[in-house]
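A.B. asks: Chain residues, written in single-letter form:
Number of protein chains: 2
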Amino acid sequence: MRPALPATLSLLVLALAAALPAPAADNAPPKSMQELLDASKPSDWRRLDPANTLYLDLATGRVVIELAPGFAPKHVANLRTFAHEGYWNGLSINRAQDNFVVQWGDPAEDDKARKPLGSAQAHLPAEFTRGAEGLSFDRLPDSDGWAPQVGFSEGFPVARDPKTNTAWLAHCYGVVGAGRDMAADSSNGSELYVVIGQSPRQLDRNITVVGRVVQGIELLSTLPRGTGPLGFYEKAAQRVPIKAVAIASDVPEAQRVPLEVLRTDTPLFAQVVESRRNRRDAWYKVPAGHIDLCNVPLPVRTPK
Amino acid sequence: MRPALPATLSLLVLALAAALPAPAADNAPPKSMQELLDASKPSDWRRLDPANTLYLDLATGRVVIELAPGFAPKHVANLRTFAHEGYWNGLSINRAQDNFVVQWGDPAEDDKARKPLGSAQAHLPAEFTRGAEGLSFDRLPDSDGWAPQVGFSEGFPVARDPKTNTAWLAHCYGVVGAGRDMAADSSNGSELYVVIGQSPRQLDRNITVVGRVVQGIELLSTLPRGTGPLGFYEKAAQRVPIKAVAIASDVPEAQRVPLEVLRTDTPLFAQVVESRRNRRDAWYKVPAGHIDLCNVPLPVRTPK
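Those sequence lines, one after another, are chains A and B.
Using the working numbering, the letters of the first sequence correspond one by one to residues 2 to 305.
Using the working numbering, the letters of the second sequence correspond one by one to residues 2 to 305.
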């Protein structure tokens, strides 16, 4: 047998689960994440809301993004307008910086050459944080160096500060944000980036996060890296054309991608996190006893 | 101006540095990482040791890996033998799992079909941790959820446990390890993986780490993801051929890649870390006041 590990979601491990020693306390061996998901109930999952789902269509396929209006209501409203009016259709991915971000929007350097924004707002307030009041928050017991508390709200990885009573979306792999210039309020959502490397949490509270990729991240993370400053493509021909960006609710139902994501406010999710915090399968010799917010998987499935 | 940010190593920021308000305490504005590197002395850098440098040559270019004999002496010795005898030449990259690892070695499923290991050892002891005794360690003051202490030893990101007096290499982006089967001592270094996503620190102390990529990681991180279990390529034609793997000291000097990496045991390095822990350039509105071990950049340059 070839050394197939390190493994995640390991089929190997599933096959070997029968060989796991049962813990002394009870007869049930700890379940792997996959076993927990296989035993989940329909109510452990939630369907993506088409009004909060953005499709980024490339020649290679579709990237599905879940928007977070609870954290960036004004940016999300603007994104809906941009998408509805076809703003990004024919524009391009202009930047791919290794271990950092992929970014798309209007490549024009000259303001006069830029595509008109249509009826979208040109200026929006910064939406870096929100009040924590009234926000559901399923807190991880694990420590975090970047924020006093971390956990999940509305299915997103979130940090919270009880002193300021604020919360914000955390820059984990796959998170999507709105590029800006020097001024805090200089983003309008026309320029978007997605994290494709080690979580750049230093961006937290410095930029408006609008959602996260739930399917198709590999279409972005495998793009050739740009060789210009900040990973911008140096030649126009290197840019990756965007076929279309649409809000799912604007797309005929037959052409939508039906997806369910695991709820983060359930006992099952807490068990999934624990199965990853302390791996109990036979491959792992030393369970970590810890999980980082950005290492928690957020499973997605196609409903049966 | 197009919204070019989030930015790292920002040229923009350099251009704007003159506009930074000087801190009250003294007249020198805090330096950016690039300014610190520009002002570095030759002694702040170290040349890669050709005996500890592995070249992975693909059709697209060369990946340069620094080996860590201080942490995995038996595996590194075996890697030198494999490379010296051309073991990997003509083998392939067989796995690319998004946000996890790229892995190469012998794709043969059947033991009988596998390429002979030559004079390399078929079996090695696990080298998951080492004694911390006698190991230089420049500790980060920042907290870490995965280990009691983190910092840098011999230029590598390292965790340390004073209770057990052990240290180990941390699974950060670009780190290279030796794949294994279920048994702790089932790796021999013939199968190697590199981290291409969020740091999978749960692997720490569970597998032997042998080094890290210092140049060319983008040749691996952009590879198409495999669609089989664990990201293995499903068809032989999808595998990425390896032209050659060599130890730099076996390569004629004119064909080597001269590289210097920033020393991690200097006052300058501490300043670089601080420049990233608290970004002082005008783009950042809220300095993080923290840095994660795996977010610390380890600069590499071509000597003048």
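Source of the hints: derived by calculation from the structure; they are not laboratory data.
Be aware that one or more of the hints could be misleading.
It does not matter which identical chain is used: a pair holds within one copy or between any two.
Said to hold, decoys possible - Below, simulated DSS-like cross-link-like pairs (lysine-lysine); rule was C-alpha separation at most 25 Å, straight line: (1) K116 to K244; (2) K236 to K113; (3) K75 to K32; (4) K116 to K236; (5) K75 to K286; (6) K286 to K164; (7) K305 to K42; (8) K75 to K42; (9) K286 to K305; (10) K305 to K32; (11) K244 to K286; (12) K32 to K286; (13) K236 to K286; (14) K42 to K116; (15) K116 to K75.
A.B. asks: All the hints need checking, so say for each whether the structure fits it.
C.D. replies: Structure-based check of all given hints:
1. K116 to K244: Within one copy only: 16 Å inside a chain, 45 Å across chains, cut-off 25 Å.
2. K236 to K113: Within one copy only: 20 Å inside, 49 Å across.
3. K75 to K32: So K75 and K32 fail the 25 Å test inside a copy (42 Å) and across (35 Å) alike.
4. K116 to K236: For K116 and K236, only the intra-copy Cα distance (19 Å) is at most 25 Å; the inter-copy one is 43 Å.
5. K75 to K286: Between copies only: 20 Å across chains, 48 Å inside a chain, cut-off 25 Å.
6. K286 to K164: between (39 Å within a copy, 18 Å between copies)
7. K305 to K42: within (12 Å within a copy, 62 Å between copies)
8. K75 to K42: neither (34 Å within a copy, 48 Å between copies)
9. K286 to K305: neither (36 Å within a copy, 46 Å between copies)
10. K305 to K32: For K305 and K32, the Cα distance is within 25 Å only inside one copy (23 Å; across copies 56 Å).
11. K244 to K286: neither (47 Å within a copy, 35 Å between copies)
12. K32 to K286: Close inside one copy (16 Å), not across copies (44 Å); limit 25 Å.
13. K236 to K286: neither (49 Å within a copy, 32 Å between copies)
14. K42 to K116: neither (47 Å within a copy, 47 Å between copies)
15. K116 to K75: Result: close within a single copy only, 21 Å intra versus 59 Å inter.
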